Amino acid sequence: MPTNIDNRRIVKIDETIAETPTVKTLVFKDTLSYFAEPGQFLMVWIPRIEEIPMSVMINSKEGFAAVTIRKFGIGSTSLFERKKGDLIGMRGPYGNRFKLGKKYEKILIVGGGTGLVPLLRLATMAINKKIKSTIVMGARTKTEVLFEKLTKNIISGTASSLFVCTDDGTYGIKGTNVSEMTKIVRNENFDCVYTCGPELMMKAVVDIAKQNSIPVQASLERYMKCGIGICGSCCLDSSLICQDGTIFDGWQLSKMLEFGSTYRDKDGQKIKFA
Amino acid sequence: MPTNIDNRRIVKIDETIAETPTVKTLVFKDTLSYFAEPGQFLMVWIPRIEEIPMSVMINSKEGFAAVTIRKFGIGSTSLFERKKGDLIGMRGPYGNRFKLGKKYEKILIVGGGTGLVPLLRLATMAINKKIKSTIVMGARTKTEVLFEKLTKNIISGTASSLFVCTDDGTYGIKGTNVSEMTKIVRNENFDCVYTCGPELMMKAVVDIAKQNSIPVQASLERYMKCGIGICGSCCLDSSLICQDGTIFDGWQLSKMLEFGSTYRDKDGQKIKFA
Amino acid sequence: MSVDDKNFKLSVDIDEITLRNPTMLASGILGISQSIFERLYDENIGGIVTKSISVEPMKGYPNPTLIPLSGGSYLNAVGLSNPGVNAFSEELSQNKNIPIFISLVGSSEKDFAKMIKVFDSLNIIGYEINLSCPHVSKMGMEVGDDPEAVSKIVSTVRKNTKKPISVKVGVGSVDVIELARTAIDAGANIITAINTLRAMSIDVETMMPILSNRIGGLSGTAIKPIGIRCVYEISKNLKVPVIGCGGISTWQDVVEYMLAGASAVQIGSVLGSAGPRIFNSITKDLKKYIERKGIMKISEIVGIAHKY
Amino acid sequence: MSVDDKNFKLSVDIDEITLRNPTMLASGILGISQSIFERLYDENIGGIVTKSISVEPMKGYPNPTLIPLSGGSYLNAVGLSNPGVNAFSEELSQNKNIPIFISLVGSSEKDFAKMIKVFDSLNIIGYEINLSCPHVSKMGMEVGDDPEAVSKIVSTVRKNTKKPISVKVGVGSVDVIELARTAIDAGANIITAINTLRAMSIDVETMMPILSNRIGGLSGTAIKPIGIRCVYEISKNLKVPVIGCGGISTWQDVVEYMLAGASAVQIGSVLGSAGPRIFNSITKDLKKYIERKGIMKISEIVGIAHKY
Ligand SMILES: Cc1cc2nc3c(=O)[nH]c(=O)nc-3n(C[C@H](O)[C@H](O)[C@H](O)COP(=O)(O)OP(=O)(O)OC[C@H]3O[C@@H](n4cnc5c(N)ncnc54)[C@H](O)[C@@H]3O)c2cc1C
Ligand SMILES: Cc1cc2nc3c(=O)[nH]c(=O)nc-3n(C[C@H](O)[C@H](O)[C@H](O)COP(=O)(O)OP(=O)(O)OC[C@H]3O[C@@H](n4cnc5c(N)ncnc54)[C@H](O)[C@@H]3O)c2cc1C
Ligand SMILES: Cc1cc2nc3c(=O)[nH]c(=O)nc-3n(C[C@H](O)[C@H](O)[C@H](O)COP(=O)(O)O)c2cc1C
Ligand SMILES: Cc1cc2nc3c(=O)[nH]c(=O)nc-3n(C[C@H](O)[C@H](O)[C@H](O)COP(=O)(O)O)c2cc1C
Ligand code: FES
Ligand code: FES
Chain A
1 MPTNIDNRRI VKIDETIAET PTVKTLVFKD TLSYFAEPGQ FLMVWIPRIE EIPMSVMINS
61 KEGFAAVTIR KFGIGSTSLF ERKKGDLIGM RGPYGNRFKL GKKYEKILIV GGGTGLVPLL
121 RLATMAINKK IKSTIVMGAR TKTEVLFEKL TKNIISGTAS SLFVCTDDGT YGIKGTNVSE
181 MTKIVRNENF DCVYTCGPEL MMKAVVDIAK QNSIPVQASL ERYMKCGIGI CGSCCLDSSL
241 ICQDGTIFDG WQLSKMLEFG STYRDKDGQK IKFA
Chain B
1 MPTNIDNRRI VKIDETIAET PTVKTLVFKD TLSYFAEPGQ FLMVWIPRIE EIPMSVMINS
61 KEGFAAVTIR KFGIGSTSLF ERKKGDLIGM RGPYGNRFKL GKKYEKILIV GGGTGLVPLL
121 RLATMAINKK IKSTIVMGAR TKTEVLFEKL TKNIISGTAS SLFVCTDDGT YGIKGTNVSE
181 MTKIVRNENF DCVYTCGPEL MMKAVVDIAK QNSIPVQASL ERYMKCGIGI CGSCCLDSSL
241 ICQDGTIFDG WQLSKMLEFG STYRDKDGQK IKFA
Chain C
1 MSVDDKNFKL SVDIDEITLR NPTMLASGIL GISQSIFERL YDENIGGIVT KSISVEPMKG
61 YPNPTLIPLS GGSYLNAVGL SNPGVNAFSE ELSQNKNIPI FISLVGSSEK DFAKMIKVFD
121 SLNIIGYEIN LSCPHVSKMG MEVGDDPEAV SKIVSTVRKN TKKPISVKVG VGSVDVIELA
181 RTAIDAGANI ITAINTLRAM SIDVETMMPI LSNRIGGLSG TAIKPIGIRC VYEISKNLKV
241 PVIGCGGIST WQDVVEYMLA GASAVQIGSV LGSAGPRIFN SITKDLKKYI ERKGIMKISE
301 IVGIAHKY
Chain D
1 MSVDDKNFKL SVDIDEITLR NPTMLASGIL GISQSIFERL YDENIGGIVT KSISVEPMKG
61 YPNPTLIPLS GGSYLNAVGL SNPGVNAFSE ELSQNKNIPI FISLVGSSEK DFAKMIKVFD
121 SLNIIGYEIN LSCPHVSKMG MEVGDDPEAV SKIVSTVRKN TKKPISVKVG VGSVDVIELA
181 RTAIDAGANI ITAINTLRAM SIDVETMMPI LSNRIGGLSG TAIKPIGIRC VYEISKNLKV
241 PVIGCGGIST WQDVVEYMLA GASAVQIGSV LGSAGPRIFN SITKDLKKYI ERKGIMKISE
301 IVGIAHKY
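Residue numbers (our numbering), protein chains in the order written: chain A, 1 to 274; chain B, 1 to 274; chain C, 1 to 308; chain D, 1 to 308.
These are computed hints drawn from the structure, not numbers from a lab.
All figures in this text were calculated on a predicted structure; none of them were measured in a lab.
Just so you know, even glycine gets a beta-carbon here, dropped at the ideal spot from N, CA and C.
A portion of the hints provided could be inaccurate.
Stated by the list, open to error - In silico DSS-like pairs for lysine-lysine, Cα to Cα no more than 27 Å straight-line:
hint, chain 1, residue 1, chain 2, residue 2
1, B, 29, B, 12
2, B, 83, C, 307
3, C, 152, B, 29
Stated by the list, open to error - One side only, chain D facing chain C, incomplete, derived with CB under 8 Å:
hint, residue
4, 71
5, 215
6, 308
For reference, chain A alone in the conformation it holds in the complex:
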């Protein structure tokens, strides 16, 4: 098995899965990604176009992994458009991982959009360890609901459960995943809350977890160039998201003044979250 994660691998796209009109999963063979820890990310190279960080998506085939892309700017759109047989490159997986306490019995997973990618790897692992997982996923509207079938497969035959929310109520529970979470934690105790998604959503999740005295772990995103702790572009307060994170616990998050407040753009200027 290869061990140097910094080594760029060029892989052929083995399969593409259209998740929604704007989200696609690309499946490829790569041992290092197959063995990625939940929460780790790849630096994905789209030759002569871009290199962008992408969480490692699970795939059912042994030795295979995937990335799930939301079409956005140049890089993600170009990746989105890659076809079966196309070559892309990658290095990593980088970053730390979601941690499952040894004695955990029940966890709560709250995610939205492609933020679900690392959470599904976590859920798979938790369920393998017989930890009961309550998964709350949010989307703006019915057509944007991601990974519902896959998640049902993961939890089927276990005590775990899935709640799908849409902001506009076109599917599942009407409301945000955050409002659903508020209800759930009122009635049930959890050993830990895990979250990934838009930062303001995560900020809300972290606040609710704190108010309910539940440990929490969130996977943060910042603009990344190197992905390995050299360039500094991903800094958030004194942390480097790529090297110290991407996952931080409630205690670390509580000291981060910029979390949910400001981020830095490509030239390093601080911008306020809208």
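Start from chain A and add chains B, C and D with the ligands according to the hints.
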């Protein structure tokens, strides 16, 4: 245990042993040298003076090794003059090793001068493996006899034996180690002959071994710069003494037109052996 | 052992500046955030050089901008992305006690004069002029390869500030000693050597250059022997304070640069594998080294190799 | 599959020369013995460049002349030791079919003219002029850094031989493209890039430079990205045949140089760890690569990276 033999180690000389007026042994601590195979050599750095190849000498202390130097030109003389506590550097051990056949029972070792250094490591190993070793050492005159006591210690209590010859008969058997070898192989069978020393002596040993159909291994010397197969200065016919050798068997030696005939000087010109 | 004694042993002087130890952050590495500078200072770093700042904010090149190569070497072409003089002076406005050099990059004398006007009232210890970025047109190396431009820019900076100026040189197409001499003659106090070397990497499967800018700068372990040589030659020939940089990843590398003539050193790429705590561990090991060698003060070893 | 087919796939043309495959021995590596050349040719090497030869024999510097650094890089200052023109023409006198370039080094036009007079009747395919040895005064780089001297020497060689001439350039203090251009304008047919880079290593325990010459040339994996960049820039700007050299240790490295624009490559330092059989294994792997990629002839990949 360190593994990169190319890494330069700087060691303090732990002890110096005057072997003869012109030969001295310097003892130092170095794990890689301690574990050297019989026949391997070091590139010994005398800071700001020279770097010269030296066979690894045995030493009784665990983790220690030594080099035994004959005072000659600038490099060897400067090394010869180093005192206890002085710093020298080294890389290696380099080169292949004397091979002991699995079924060997009796071997013959013929050496002269500092050529005995690798042969003593071999003898120690052979005797540990219960192989009966007949050691024939030659010197020009009594004061130049090397390692006699040490060798006696090595063979004491075993079936192995030692013959010391001096050209001028001032000590031990009168005559060369080669003439003594001729007598010995007439009366006894050996699985292999091992030799190291002046090239014309080795040439004679190899010829006698061949005439008597005994396998033979000889450790050759050529001017070395890199010690690792890059510079080409140690070439002998199409072999690189440092990388393919220093030890060659009778079959390889029989194809070497330059063996015992010519060598190359520091600028690469071919010179005939006197 | 008192804190003073500890500081005394590792403290170094570079021109009129005193740092508590010889380790500094190299420009462009984690170099845009005051919070990060404070974290590094807590990790016992001696001094900081910021990312090279230009008058206007620069987005830099698209990714890939950094490629990890094998064995601790890296190739980068970030394109001098930086927040620009205004945002960055805001960033540093709360700095109190951290010894910060601001690295400046620009294409004209005016650029430099403008930036100094904004920065000079901040709590900083000096400037480093980047004349050696090997992969951005009209900035860095293209300026550094033109002795007349170097001379003009350095004199302009000199006229506009009383703070120490270091000029960062690289191995380009002008002799490094000549470049350093030109800079010193124009009023620089210190030379930083070296920047990255112009280099490239092509992927054999896609047959395409990997960096978006195609050509970038080589850093990390690969360039250390070249950096050592430059520091040795500059300090031997010009007798000016030199800050060594390039491929440092261990305390031995720091010592090697100092023996070659560096008064202090900058550390960059290794942060990728070792993280900010490397400053703490290197300074501890440096202290052990001088104690083992019976040296009173680490600055005593600066340039010792010139004697042999 | 016939031998012809095998040869066809890997064979390359450099100027008027055809080699059976793109791998060559770099100058100064194992380069003084016809018996060694024959062994390498049995290992399927494409061509040979000899050690740089001077008019008179040269002993070179005392040892240490070569230092293995970490990760497959090396530092050397052998001081151009070589047997001189007479002994070496004797050495090569029996050469029949091995494609040999003789590398020449000298300090004056006369030196070169003298050597060509002796060598030109031998069975050799061309000359490589070493203008880039970074550590011997008045030879190599000191000449290479003086465009006028380069021009004179190359024209002299041109006047004295009809055989192809390659000029070997390095990263010194003159721009590598300008140096190549000067050489081509003066009559060179091929550029070899690159030689070693001026570098140094100091031991931290003794505090002394390790090489007897103190300064030497860096070779091996460290310099590959710099070599790739030089080949890319020279071949892109000058459209001349380039032989790539520097840090090659795998078939991927050979492909990378060819994509950058090299018609053939030279391999040196890696012989220290891999031995002569590396030519056999690299050529086998090159063949697999082009077959997997559906490429008819390896020469088709030369310079492909320029397109992107
Ligand atoms: C650790 C991590 C994991 C991620 N996982 C996923 C995932 O699984 N699926 C997914 O669709 N997206 C994921 N993203 C976000 C994804 O990287 C960006 O959406 C993508 O880079 C956009 O690139 P672009 O060229 O299309 O956008 P651009 O048009 O270049 O930029 C638009 C915005 O995208 C973001 N962005 C662009 N480049 C980067 C970059 N290098 N690093 C971080 N953000 C960037 C910035 O917010 C930027 O403002 C992840 C980001 C991070 C940091
Ligand atoms: C594999 C090997 C093992 C050796 N083991 C020993 C040993 O255990 N004890 C010992 O006393 N000697 C040993 N030698 C010989 C020793 O290396 C030389 O005697 C020594 O290098 C002389 O150096 P100098 O500077 O004193 O001589 P110089 O005056 O420089 O040269 C005199 C002669 O010494 C030889 N020599 C010099 N430098 C080298 C070199 N770099 N490589 C090879 N030969 C050289 C040459 O024959 C040269 O003509 C060994 C040599 C080799 C190749
Ligand atoms: C990602 C990256 C960005 C850099 N940006 C700058 C810069 O803005 N200004 C500068 O003078 N040097 C810059 N450099 C060069 C470094 O300061 C340093 O000179 C070089 O990396 C060698 O040191 P190292 O081997 O320790 O990394 C950068 C280097 C890297 C790797
Ligand atoms: C020990 C040694 C000796 C060298 N001697 C020469 C020489 O005589 N002439 C020359 O042009 N290059 C010489 N070189 C440079 C090599 O030919 C080559 O350009 C350089 O080593 C880079 O290739 P590599 O990384 O594959 O070794 C020498 C290199 C080494 C390591
Ligand atoms: S992305 Fe470069 S430091 Fe995190
Ligand atoms: S000593 Fe250099 S090749 Fe053998």
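Hints, one by one, checked against the model:
no. : hint           : result
1   : B:29 <-> B:12  : holds, 8 Å
2   : B:83 <-> C:307 : holds, 22 Å
3   : C:152 <-> B:29 : violated, 57 Å
4   : 71             : holds, 4 Å
5   : 215            : holds, 6 Å
6   : 308            : holds, 4 Å
Comparing the model with each numbered hint stated earlier shows that hint 3 is the single one that does not hold.
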